[in-house]
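*Asks:* For chain A, the structure is supplied; the task is to place chain B on it using the hints.
Take a look at the letters that make up each chain.
Protein chains: 2
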Amino acid sequence: MDDLILQLLKEPSSAFLSGQELSRRLKVSRTAVWKRINHLRNLGYEIEASTRSGYRLIQSPDLLTPLEVKPILETKWVGKTIHHFHTLDSTNSKAYQLALNGAEEGEVVIAECQEKGRGRLGRQWFSPPFLNLYLSVILRPKIPPYEASLITLMAAVATAEAIQKVSGLLPLIKWPNDILLRDRKVAGLLNEIHSEMDRIHFVILGMGVNLNMEEKMFSKEIRTVATSLKIEMGQPISRKAFLQSLLFELERWYTVFLKEGSAFILKSWRGWAHIEGRRVRVTSSGEGIVGTAVDVDSDGALILETADGKRKRIVAGDIQYKR
Amino acid sequence: MDDLILQLLKEPSSAFLSGQELSRRLKVSRTAVWKRINHLRNLGYEIEASTRSGYRLIQSPDLLTPLEVKPILETKWVGKTIHHFHTLDSTNSKAYQLALNGAEEGEVVIAECQEKGRGRLGRQWFSPPFLNLYLSVILRPKIPPYEASLITLMAAVATAEAIQKVSGLLPLIKWPNDILLRDRKVAGLLNEIHSEMDRIHFVILGMGVNLNMEEKMFSKEIRTVATSLKIEMGQPISRKAFLQSLLFELERWYTVFLKEGSAFILKSWRGWAHIEGRRVRVTSSGEGIVGTAVDVDSDGALILETADGKRKRIVAGDIQYKR
Numbered sequence: 000m001d002d003l004i005l006q007l008l009k010e011p012s013s014a015f016l017s018g019q020e021l022s023r024r025l026k027v028s029r030t031a032v033w034k035r036i037n038h039l040r041n042l043g044y045e046i047e048a049s050t051r052s053g054y055r056l057i058q059s060p061d062l063l064t065p066l067e068v069k070p071i072l073e074t075k076w077v078g079k080t081i082h083h084f085h086t087l088d089s090t091n092s093k094a095y096q097l098a099l100n101g102a103e104e105g106e107v108v109i110a111e112c113q114e115k116g117r118g119r120l121g122r123q124w125f126s127p128p129f130l131n132l133y134l135s136v137i138l139r140p141k142i143p144p145y146e147a148s149l150i151t152l153m154a155a156v157a158t159a160e161a162i163q164k165v166s167g168l169l170p171l172i173k174w175p176n177d178i179l180l181r182d183r184k185v186a187g188l189l190n191e192i193h194s195e196m197d198r199i200h201f202v203i204l205g206m207g208v209n210l211n212m213e214e215k216m217f218s219k220e221i222r223t224v225a226t227s228l229k230i231e232m233g234q235p236i237s238r239k240a241f242l243q244s245l246l247f248e249l250e251r252w253y254t255v256f257l258k259e260g261s262a263f264i265l266k267s268w269r270g271w272a273h274i275e276g277r278r279v280r281v282t283s284s285g286e287g288i289v290g291t292a293v294d295v296d297s298d299g300a301l302i303l304e305t306a307d308g309k310r311k312r313i314v315a316g317d318i319q320y321k322r
Numbered sequence: 000m001d002d003l004i005l006q007l008l009k010e011p012s013s014a015f016l017s018g019q020e021l022s023r024r025l026k027v028s029r030t031a032v033w034k035r036i037n038h039l040r041n042l043g044y045e046i047e048a049s050t051r052s053g054y055r056l057i058q059s060p061d062l063l064t065p066l067e068v069k070p071i072l073e074t075k076w077v078g079k080t081i082h083h084f085h086t087l088d089s090t091n092s093k094a095y096q097l098a099l100n101g102a103e104e105g106e107v108v109i110a111e112c113q114e115k116g117r118g119r120l121g122r123q124w125f126s127p128p129f130l131n132l133y134l135s136v137i138l139r140p141k142i143p144p145y146e147a148s149l150i151t152l153m154a155a156v157a158t159a160e161a162i163q164k165v166s167g168l169l170p171l172i173k174w175p176n177d178i179l180l181r182d183r184k185v186a187g188l189l190n191e192i193h194s195e196m197d198r199i200h201f202v203i204l205g206m207g208v209n210l211n212m213e214e215k216m217f218s219k220e221i222r223t224v225a226t227s228l229k230i231e232m233g234q235p236i237s238r239k240a241f242l243q244s245l246l247f248e249l250e251r252w253y254t255v256f257l258k259e260g261s262a263f264i265l266k267s268w269r270g271w272a273h274i275e276g277r278r279v280r281v282t283s284s285g286e287g288i289v290g291t292a293v294d295v296d297s298d299g300a301l302i303l304e305t306a307d308g309k310r311k312r313i314v315a316g317d318i319q320y321k322r
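Just so you know, the protein sequences line up as chains A and B, in that order.
First residue of the first sequence: 0, per numbering that gives the first Met the number 0; consecutive thereafter.
First residue of the second sequence: 0, per numbering that gives the first Met the number 0; consecutive thereafter.
Next up, chain A with everything else stripped away, as it sits in the complex:
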């Protein structure tokens, strides 16, 4: 019903739509129309009401509600169900609970802000309201658990591609799943997996993308290592447009992964990561290792060649690029 009213009010021809007209086209009473209009106003829609002329939509709220997002999505199944919240502890935690309770592949959780936004390895993800994008997607791939990390690489590729298409800028994927612009983190992924020994129950793809944050909003500690699309582009960016692009790329790359397997994803990941031959310093469980990156393994591990010519597989950790 809300969808329908908004659709009618958004029709280009309709400066004003009378209550009578709305009541006729929606097949409900004029009182019912009036109630729904009030409901929409509570959701943040600015709607003018005139006794003579009827109703007119002045402005839609800049919220990522299903009402606002679903009409513009270009996906087949990702985001067909959107769970929208003003505030969540973390979109991943919410999506995880929904998935445990049977939520389907492609359901999306979006929060305007997160109180306990989480990053990799138990870190925080700064998540102030209305400026950025915090979302989680539920996937149920029929793959063995040891291939789960390919889903992480896939999501990094999709995010990099969405950023490139929307902004025109060229992001870099930093192993394993940070997205950088000008060497600063613009997006991060946290993928959580529920599995038993030989099958995956579900994967929660968690994504945080800094869209309209300004430099002064970052704390001093992260100001030199974090950025946003607005900072890099010099102009604000539509959250809806970015979300549209991100979900489209996710669906596309996930479909490619299921159909073509890992090789295609790894090739693409390498193209965005340019990791081969880079001098890196890896910090892993408090230990530091310096070496030259050779490649990523088929399970997403980083292969490093150390000074003595030995090759090491790095499964977890942080890397820094050295000059």
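Hints may be right or wrong, so weigh each one.
As the list makes no split between identical chains, a pair holds if one copy fits it or if it spans any two.
Below, simulated PhoX-like cross-link-like pairs (lysine-lysine); rule was C-alpha separation at most 25 Å, straight line [said to hold, decoys possible]:
hint : residue 1 : residue 2
1    : Lys93     : Lys69
2    : Lys93     : Lys115
3    : Lys321    : Lys69
4    : Lys311    : Lys69
5    : Lys311    : Lys258
6    : Lys26     : Lys69
7    : Lys141    : Lys115
To be clear, the hints were calculated from the coordinates, so they are not data collected in a lab.
*Replies:* For chain B alone, coordinates are given in the frame of chain A:
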């Protein structure tokens, strides 16, 4: 308080303990003593009360409550916290929720019966009340996700060892994690993992052990493939004694795994599984493969040699032994 009263009532010297004596030793009023005694009666303790002589414990309930179980545990940290329920959907689901909410390593969930007991690959686990053991243990190993399947092998070894020690019978581990007696399933494991790409958040070790089930209690479908310790031993078995042994072995083998790594676990697993050289038929995603088992891989996958001499790694599936 309940613990203390029971401890006093269970003292060999105390045929009867007067309300006055209990009140003195527990440092509470006689009314408080009386209230706790009634509470214990509600939990299933049969306690005689005589105005002249005081209270006397006649019988403890055959329940796996913390009050009954904790005094006999021989573990250092497994089972220090026990969550006991009469009925649960599934102990694994409950333990999973507790772990998501921060429950600590070693916490144990026990149910007298399960309404939706689950086995591997989405199957059911028949879980009638009071006869058997249904429990889940929360572990938080600091290992990369690809080593998680070793935890499954470890749990199979610990369960086999507990069965052998309590019953004197010689169980066989069937890949990956069923425990057989006389070719029939006596115990099954379902280990669920919560992880991100490069670290495990927690593992839920789920165990179902058929202790005092009788043959006629099994449905016709599973009667020929399932058994219980009582059926095999010809006498009932104490659930508490078995639980004591199982948790002790789990703690011991988990400690060995963390300290010594995978080699020791794999060696032990091989000793209980006798898989090398066996002719097996594997059903995996509806497909059947016949071959000779060679070994398990370091990640728990079954290595099979087929008729054409090729080696295959089987990650998921069921096996049947052929003669």
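*Asks:* Work down the list of hints and note, for each, if the structure agrees.
*Replies:* Going through the hints against the structure:
no., hint, verdict
1, Lys93 - Lys69, "within (20 Å within a copy, 35 Å between copies)"
2, Lys93 - Lys115, "both (12 Å within a copy, 23 Å between copies)"
3, Lys321 - Lys69, "neither (44 Å within a copy, 55 Å between copies)"
4, Lys311 - Lys69, "neither (46 Å within a copy, 46 Å between copies)"
5, Lys311 - Lys258, "between (31 Å within a copy, 22 Å between copies)"
6, Lys26 - Lys69, "within (23 Å within a copy, 66 Å between copies)"
7, Lys141 - Lys115, "between (30 Å within a copy, 23 Å between copies)"
Consistency with the previously given hints fails for numbers 3, 4, ordered from lowest to highest.
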